[in-house]
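I would like the entire structure built from these sequences, with the hints used as guidance.
Below, each chain spelled out in residue letters.
Number of protein chains: 2
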Amino acid sequence: MAIPVFFVENPDKSDVLSADDSFHANKVLRLKSGDAIYILDGAGKKFRAKLLVSDARKSTYSNIILEIEEKTNKNLLNLWIAPTKQMERMEWMVEKCTEMGIRSIGFFQSKNSERKEIKIQRLEKIVISAMKQSKQLFKPQLNPIISFDDLLKKLEKSFELKGFAYISENNNLTIRSFANMKQESIALIGPEGDFTPNEIIKLNSHGFKGFSLGNSILRTETAGILTCASFNLSN
Amino acid sequence: MAIPVFFVENPDKSDVLSADDSFHANKVLRLKSGDAIYILDGAGKKFRAKLLVSDARKSTYSNIILEIEEKTNKNLLNLWIAPTKQMERMEWMVEKCTEMGIRSIGFFQSKNSERKEIKIQRLEKIVISAMKQSKQLFKPQLNPIISFDDLLKKLEKSFELKGFAYISENNNLTIRSFANMKQESIALIGPEGDFTPNEIIKLNSHGFKGFSLGNSILRTETAGILTCASFNLSN
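Protein chains in written order, with the numbering used here: chain G, 1 to 235; chain A, 1 to 235.
These are calculated hints, taken from the structure and not from any lab test.
Keep in mind that a hint or two might mislead.
In this list, chains with the same sequence are indistinguishable; a pair is considered to hold if it fits within one copy or across any two.
[Claimed, not checked] Below, in silico cross-link-like pairs of lysine-lysine (DSSO-like), each with a Cα-Cα straight-line distance of 30 angstroms or less:
hint : residue 1 : residue 2
1    : K125      : K58
2    : K135      : K111
3    : K111      : K132
4    : K85       : K27
5    : K58       : K153
6    : K85       : K125
7    : K85       : K154
8    : K209      : K135
9    : K74       : K209
10   : K119      : K85
11   : K116      : K135
12   : K182      : K74
13   : K27       : K50
14   : K13       : K162
These figures come from a predicted structure and were not determined experimentally.
Shown next as structure tokens:
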């Protein structure tokens, strides 16, 4: 059997697996005290450790034995998206983006938004599971939903390249050339009803450039996936 | 209200909407006799027509009034994939690939395949719905599941560029450079358990080149989406 992988935030300060992981290790994988495990810290490091206590509620592991791998984060995309009505579509997108690799995913509420709430905790679980499954060393940061205006304020002083998905006949900036600049970037994906003209004026005045995702009319989550794929392919 | 869009195969030989579309037109959209509709033939053409009889079981439309749009198919990717255990994942992939644009999607069964059956009819509905939603003029062809060996035989005499997704340290052909050749292509995505060494030898001897999808370990359906995205972005 392949050595099982667990996620622990700040593993140097902890020697306990989460309740879910403890259950999984003990009841599903039937691991025993002394079994080898891998720990991902979600910040670029992978460690090898040993289970000390295998318990369905609280498993502990030994001090980290060996650092196996360390990487720097090459994921350049910070995605902000207006969430879809069906939460399932966002969950799928978050899973796919995590698998491909992404720096952060956040949500905003604009004029035509269809959803005002996001349960970040459920998405966190999806992120961690996809991260372990795809052996990503970096856990994408999830940012809770904020208003469009607050988002612009929040990003005002950031130095990243800024863009937003925009369908227009005379749009020369493709997502491909945007991603090819190979800088840390912020990309906004509007709701199904799109950004309003007023929001686009605000975006422009805040230094955001509209990029095109091609000629197809994509669902919101597909636009998010294609944007992420495009950064992934430019790496 | 935007003019509603319907799909009719060979609309020049028919003047009837499908049973599903008739119901949708009559009961959901509440269209009346005389209302304007668009017809997509899925082969590059969009027509304007007029409803003659609006009936929940059998709606008919007038001879086609006007050809609105005609395009040639620029989708170069023919995807063949080993379907996942959870059919939902394939359905999602088919929807996303249709939105982005793809020439055909087919299924094969190899040594490590997790699923031996595919209900093409259900996928057809998803394809048509995604096609209408994204205003694609081309309906991707869906090919029923066949065995790995039959697939190789079937593709033996085809002139398309042939590749398969393959994770290897020393793989120099990226999906990006594969897609950038801008030729009609066949891309095979293996099952979660991957192709067997024996299958890879067969692929090589049949002229298939292994391409890399990057360093992440992707789920089957994510590999399909990333392959499709990469062709879409090279257009």
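We went through each hint and held it up to the structure:
no., hint, verdict
1, K125 / K58, "within (18 angstroms within a copy, 47 angstroms between copies)"
2, K135 / K111, "between (38 angstroms within a copy, 24 angstroms between copies)"
3, K111 / K132, "between (36 angstroms within a copy, 26 angstroms between copies)"
4, K85 / K27, "between (36 angstroms within a copy, 23 angstroms between copies)"
5, K58 / K153, "neither (42 angstroms within a copy, 54 angstroms between copies)"
6, K85 / K125, "both (20 angstroms within a copy, 22 angstroms between copies)"
7, K85 / K154, "within (25 angstroms within a copy, 43 angstroms between copies)"
8, K209 / K135, "between (33 angstroms within a copy, 25 angstroms between copies)"
9, K74 / K209, "both (22 angstroms within a copy, 27 angstroms between copies)"
10, K119 / K85, "both (13 angstroms within a copy, 28 angstroms between copies)"
11, K116 / K135, "between (32 angstroms within a copy, 28 angstroms between copies)"
12, K182 / K74, "both (10 angstroms within a copy, 28 angstroms between copies)"
13, K27 / K50, "within (17 angstroms within a copy, 62 angstroms between copies)"
14, K13 / K162, "neither (36 angstroms within a copy, 50 angstroms between copies)"
Comparing the model with each earlier hint shows violations of hints 5 and 14; every other hint is respected.
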